[in-house]
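Chemist: Residue numbers (the numbering used here), protein chains in the order written: chain A, 252 to 699; chain B, 252 to 699.
There could be a bad hint or two in this list.
Pairs involving identical chains hold if they fit within one copy or between any two copies, as the list cannot separate such chains.
Below, a list of computed lysine-lysine pairs in the DSS-like style, where the Cα atoms sit at most 30 Å apart [said to hold, decoys possible]: (1) Lys-345 with Lys-489; (2) Lys-489 with Lys-356; (3) Lys-337 with Lys-618; (4) Lys-424 with Lys-277; (5) Lys-627 with Lys-388; (6) Lys-356 with Lys-345; (7) Lys-337 with Lys-356; (8) Lys-318 with Lys-479; (9) Lys-475 with Lys-546; (10) Lys-356 with Lys-318; (11) Lys-345 with Lys-546; (12) Lys-424 with Lys-504.
Source of the hints: derived by calculation from the structure; they are not laboratory data.
2 protein chains.
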Amino acid sequence: MIITSPCFLYTSDIATEIADYADVAKRIIDLAVFGAAQNRSYRRLADFTDTIGNRVSGSENLNMAIKYMYNAMTQDGLDVHLEPVKIPHWVRGKESAVMIVPRVKNLAILGLGSSVGTPPEGIEAEVLVVQSFEELKHRASEATGKIVVFNQPFVSYGETVAYRAYGASEAAKVGAVATLIRSITPFSINSPHTGWQDYQDGVKRIPTACITVEDAELMWRLSKRGQKIMIRVTMAAKTFPDADSFNTVAEIKGWQHPEQVVLLSGHLDSWDVGQGAMDDGGGAMISWEVLSLIKDLGLRPRRTLRTVLWTAEEQGGVGAQQYYNLHKVNISNFDLVMESDLGTFRPEALQFTGSDAARKVMEEVVKLLAPINMTKLETHGEGTDISPWMQAGVPGASLYVADSRYFWFHHSEGDTMSVQDPQDMNLCSALWAVVSFVVADLQDMLPR
Amino acid sequence: MIITSPCFLYTSDIATEIADYADVAKRIIDLAVFGAAQNRSYRRLADFTDTIGNRVSGSENLNMAIKYMYNAMTQDGLDVHLEPVKIPHWVRGKESAVMIVPRVKNLAILGLGSSVGTPPEGIEAEVLVVQSFEELKHRASEATGKIVVFNQPFVSYGETVAYRAYGASEAAKVGAVATLIRSITPFSINSPHTGWQDYQDGVKRIPTACITVEDAELMWRLSKRGQKIMIRVTMAAKTFPDADSFNTVAEIKGWQHPEQVVLLSGHLDSWDVGQGAMDDGGGAMISWEVLSLIKDLGLRPRRTLRTVLWTAEEQGGVGAQQYYNLHKVNISNFDLVMESDLGTFRPEALQFTGSDAARKVMEEVVKLLAPINMTKLETHGEGTDISPWMQAGVPGASLYVADSRYFWFHHSEGDTMSVQDPQDMNLCSALWAVVSFVVADLQDMLPR
């Protein structure tokens, strides 16, 4: 006698239901990777970034980018609308740093988002070089009146970014007048990287910028030899009142449950250096490409496929947080939230956060990607913009790519179309489309 | 009966003679790689570049560098002297380029050595983008009054550098007013690379600079879409009368044939960007290190070991050519000329140019490097500075290293201490010292 548990029955049923999508999945893949849509997401990204350039929160470029995408997706025959958001407006202004003792050497810097500026004549001070917060604590008495240079080694982005985020306030607590922080990257061609930083409440706000790995190591060597170092840093950075912006929303309405949603996303804003091709133009473009592919094939899922291009992600997921606040009342209708913000290089896996039952469904879904050999399902969906939903229990998925060089370019002048590959983007689009379409078309929403 | 040919006898004798150096070679290797001299060439290079920085032909920094090395090698107990040389004096001055149509975008540029400047207000002109000299020829009629942008793909440095060297004159011949050339590198983080360029006699001299791979590709995409591109380029570059400089010469006199010489070398000058650590601080330091190692071990070869730190290599081997002109009268006493100017990363081989008979000797010599597993002898010694000697028939050797990233940093702000590794430099020094000492100490000079 064979006893079948309900769970087994469920799995078996859903496996069969999903396996029936093999033909549809194959058609999506063929169109995206080998057919008429081949290289389209790459071409769209090139047209977009070549036309607009970078587009930092609060900038006129970001306004232009939103208009550009609104028009482009409308012309593509999609249902597009904008949802208003208030976003930070920080402007870098002119900035420079020069080591003046023991010799004159220009330092390549990038001020950090939200940093205050210096007086117009700059800040000139002696330098204290430390390798960690720990060392800063031990040498707190030496920091007063100094520019603290952090030469922390790169361990991982997730771990090392703490120096960029909190370095200024930690140094201010022990009396520093400015901070220069080694860029958060494992590799450099004397290339500084920017990013957001957070002042702590009640702590003096001091100017803060990233310098290059090379210059941080240079000053560390000088200080190890007991040499006195002086720097003059000048930053015209300024924060203006919050600006008006929009999340850009395009969708294909579901035929059976239009109120239920599979959400695809990337962020449209970027930093104010480089071209924002990798971070996150690619994620935005493949999320648009999904709707184009589904439409081109004359498909329409049971549930709504919604693409959201977030605004002001780089300032801490500002657009996405406001979207969540506005739409969380309908949280029970959000089936799956997806974000691509780790690059659109060669896809390696779908990262997924959800219940065990939902994971079982997703394991079947990724099997449909066998024709392009991308059937790996990892744990932990990630993405600043989808995390409020995941924290509230909505299943979330993200695109994981072969990203060994991602942080070489991240938030630097090196984030350009030259790091993107059309065929890799075809594969990202195919994966993104098969997963979202099938989940949106299943009989049932993903179990929570 | 066994018949031994004279050649076999010769080979056998020299093989035995060289094999007897195994103990000496081992002592040199032990000192350089594991002993008291461990990391010394790296430390010296760090002290030198951190103190002086870059040192372009004609600059005060180059004067300081020569003084620094004269003093340092003298303090090391070596016999040091300077040999006067007249060298080019080109000064970059302030320079910038901005794409103004179809949108405003700053272009990172580096003017090329010997380029003329622009008028103070700059040159503003429409752009013609080409991918090759061939394409420029086909589109010659479109070039008049334009800024020609070369977006040639990187094939190899040796092949692709022709665009940097000759791009300006080729474009001027068809009426261009300036040239912007894609940097000669296989990889970029929006990093421009400089280098020497040659104006052709009788051709109008137009300003010429390198732009980044990324910006060259951007403008190529724009032009492929039929978009008009306008650029304003401003360069204050200026050429001054030739300046006074020196080749820096240090030596350990041979005990038996002091007039016979094994010459070791690297060049002391660099470009005016980056720190000149890789090109060619490393080569200079290991060539000094050889003398230190031999002296530390109390060794003295039959022939003189002479280290020459060339001046103005980057302007076409200017110091080395004058050295050759001065010393070629003694050419019969030059046993072997060696140069390290391909980087001091992990050594892979000794490159050698010489007669078959000389190669047989060198094949035995490199066997002495078995303890560090570096017994590879390649063909074709190379080096701008030693080539006059090799062309005149003197055996020449160069250090070949694992250089896959060499051109990523070459002539850019990325040429810093951060690309150097102390252990790799130990190995380079050991190889360099064993080869030069043994050749200098053999009964006979290398056969020509």
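Chemist: All the hints need checking, so say for each whether the structure fits it.
Modeler: Evaluated hints:
1. When the C-alpha separation of Lys-345 and Lys-489 is checked against a cutoff of 30 Å, the pair qualifies both within a copy, at 10 Å, and between copies, at 27 Å.
2. Taking identical chains as interchangeable, the C-alpha atoms of Lys-489 and Lys-356 lie at most 30 Å apart whether they share a chain (26 Å) or sit on different chains (22 Å).
3. For the homomeric pair Lys-337 and Lys-618, neither the shortest alpha-carbon distance inside one copy (41 Å) nor that between copies (71 Å) is at most 30 Å.
4. Taking the shortest alpha-carbon separations for Lys-424 and Lys-277, neither the intra-copy value of 59 Å nor the inter-copy value of 55 Å comes in at or below 30 Å.
5. For the homomeric pair Lys-627 and Lys-388, neither the shortest alpha-carbon distance inside one copy (44 Å) nor that between copies (51 Å) is at most 30 Å.
6. In this assembly of identical chains, Lys-356 and Lys-345 lie within 30 Å of each other by CA distance both inside one copy and across copies; the values are 18 Å within and 15 Å between.
7. When the C-alpha separation of Lys-337 and Lys-356 is checked against a cutoff of 30 Å, the pair qualifies only between copies, where the shortest distance is 27 Å, while the shortest distance within a copy is 41 Å.
8. Taking the shortest alpha-carbon separations for Lys-318 and Lys-479, only the inter-copy value of 23 Å comes in at or below 30 Å, while the best intra-copy value is 52 Å.
9. Taking the shortest Cα distances, Lys-475 and Lys-546 sit within 30 Å of each other only across copies (29 Å), while inside one copy they are farther apart (62 Å).
10. Taking the shortest alpha-carbon separations for Lys-356 and Lys-318, only the inter-copy value of 20 Å comes in at or below 30 Å, while the best intra-copy value is 43 Å.
11. When the C-alpha separation of Lys-345 and Lys-546 is checked against a cutoff of 30 Å, the pair qualifies neither within a copy, at 46 Å, nor between copies, at 53 Å.
12. Taking CA atoms no more than 30 Å apart as the test, Lys-424 paired with Lys-504 passes in neither setting, with 53 Å inside one copy and 61 Å between copies.
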